[in-house]
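S.K.: Each chain, letter by letter, is given below.
Number of protein chains: 4
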Amino acid sequence: MSRISLAEFRALVEAELPLVRIFGIAVEDLGRGRAVLTLAGGEGAMRPGGTMAGPLLFALADVTLYAVTLSIVGRVPLAVTTNLTINFLNKPGLGLVRAEGRVLKAGKRLIVGECSIFDGQGGGLLAHATGTYSVPPEKA
Amino acid sequence: MSRISLAEFRALVEAELPLVRIFGIAVEDLGRGRAVLTLAGGEGAMRPGGTMAGPLLFALADVTLYAVTLSIVGRVPLAVTTNLTINFLNKPGLGLVRAEGRVLKAGKRLIVGECSIFDGQGGGLLAHATGTYSVPPEKA
Amino acid sequence: MSRISLAEFRALVEAELPLVRIFGIAVEDLGRGRAVLTLAGGEGAMRPGGTMAGPLLFALADVTLYAVTLSIVGRVPLAVTTNLTINFLNKPGLGLVRAEGRVLKAGKRLIVGECSIFDGQGGGLLAHATGTYSVPPEKA
Amino acid sequence: MSRISLAEFRALVEAELPLVRIFGIAVEDLGRGRAVLTLAGGEGAMRPGGTMAGPLLFALADVTLYAVTLSIVGRVPLAVTTNLTINFLNKPGLGLVRAEGRVLKAGKRLIVGECSIFDGQGGGLLAHATGTYSVPPEKA
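Protein chains in written order, with this note's numbering: chain S, 1 to 140; chain G, 1 to 140; chain Z, 1 to 140; chain U, 1 to 140.
Since the hints were derived computationally from the structure, they do not count as laboratory data.
The model shown is predicted, which means the values in this text are computed figures rather than measured ones.
Don't take each hint at face value.
Because identical chains share one entry, a pair is satisfied inside a single copy or across any pair of copies.
As the list claims (entries may be wrong) - Below 20 Å or equal to it, Euclidean Cα-Cα: the simulated SDA-like pairs (lysine to any residue) are:
| no. | residue 1 | residue 2 |
| --- | --- | --- |
| 1 | Lys-91 | Val-76 |
| 2 | Lys-105 | Leu-78 |
| 3 | Lys-105 | Pro-136 |
| 4 | Lys-91 | Gly-124 |
| 5 | Lys-91 | Leu-125 |
| 6 | Lys-108 | Leu-78 |
| 7 | Lys-108 | Pro-136 |
| 8 | Lys-105 | Pro-137 |
| 9 | Lys-105 | Val-80 |
Go ahead and model the full structure; you've got the sequences and the hints to work with.
M.R.: Here you go:
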């Protein structure tokens, strides 16, 4: 079972992470070591060429891995990304995209996860990320 | 000499990359294989804990490497990130940050670069990224 | 169906990639966009602390993604890694480890894949890698 | 000043990391937060196409960052790589290559560094890596 509830995680990011509102990121589902989030897209998400800007997909992956991390360690706002690698695989449109994150390793100090981002329509794989969150010592 | 002028690159991202306006990204300097950009920060840049959200630093790194890429291949809007790895090194505040990008390899099809992001005040190193841009075949 | 046979891939790496013999890497299975390889381990694989050295797991991941790539493009020896990110998740012993690779994107010029490395005994996840192979232009 | 001497680091890896002998890795220089190592190359280093196999460059980068890490934390054999990203930039020959590593962040628990690998002849940049070492809690 997740150590943070869906409602509690939503409240945390809505209050303290403005970019979820800016980008239209929504937390759809949360379980221990897994999370599903979406990003709305739209005109503001555009990059040259008319596809979705990579940083939006990165933001979605990062918040998804934050959800995965807090599902394991509980409400520790200062869990922070230490590094993240993202591969952009297929050109996204400007519509809804959907991220599925899962834990790869739940250590005491480091949580490693992966995140796959799919097109909200056809479901094609748009991007894949792996990242590490560090849990502050007092909470580790 | 850069194959895209500073004015031309600024015009491109201001017209077709809304997130530069959303995040307050400014292109300060551009030469062949190198670029300097800043990001303004502010309340909207916050993450839980009161520091700057990682995706903003990623966005800054990604646009910086886009500038580095176009400085080499010229105005090819559809040059796209194939992958990017970012390491977050020190906690950023919410003020101005400054990115310095440079090319590591200028291939016909792939441009690899690195980007260091510094605090706008003390100048401490906040993040480091390496990434690859792919140049579309017709232009490669 | 794989565009290179298991026998043909084995022959290629046994003839031209000495580290498969040095490290005891064996190609177990190969299909289109997927491959299973093992690495024997042993005393020579040790690192300080008595666990398996990271570069051996990297070597296994890299050869696995090479197999995945050639399964898609056929016998193109000069397909080369452009980048690879590996996360070490759990301490390996010195015994057999097993890698499962699969394609994430099969582009004309770039093949992106992921590889999970498991303990040969208990099956725990030891490492995870994502990497990109570049296919030379004449073959792309 | 480095918290491990050049002689002490050499002795550690020669005794407990067989791959330095297998690959001909030599520790040339070591200072606080920086290290220079070389790898001899030769026939055993080959990959299909006649260039140097990527895993050898990875091994060199990994041992270089291990030296950088121990230069900061002292003789802590169980400092381990948590992740490493390597970009292969130019085709290496089979001769000597030279790695220069430096620290990007020296945290209590995580040491982040970067490593550039150069051709031993002309000095061209062959590969670039960034990686993170984790220092075990009792020593952190």
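S.K.: List, from low to high, the hint numbers that the structure doesn't satisfy.
M.R.: none
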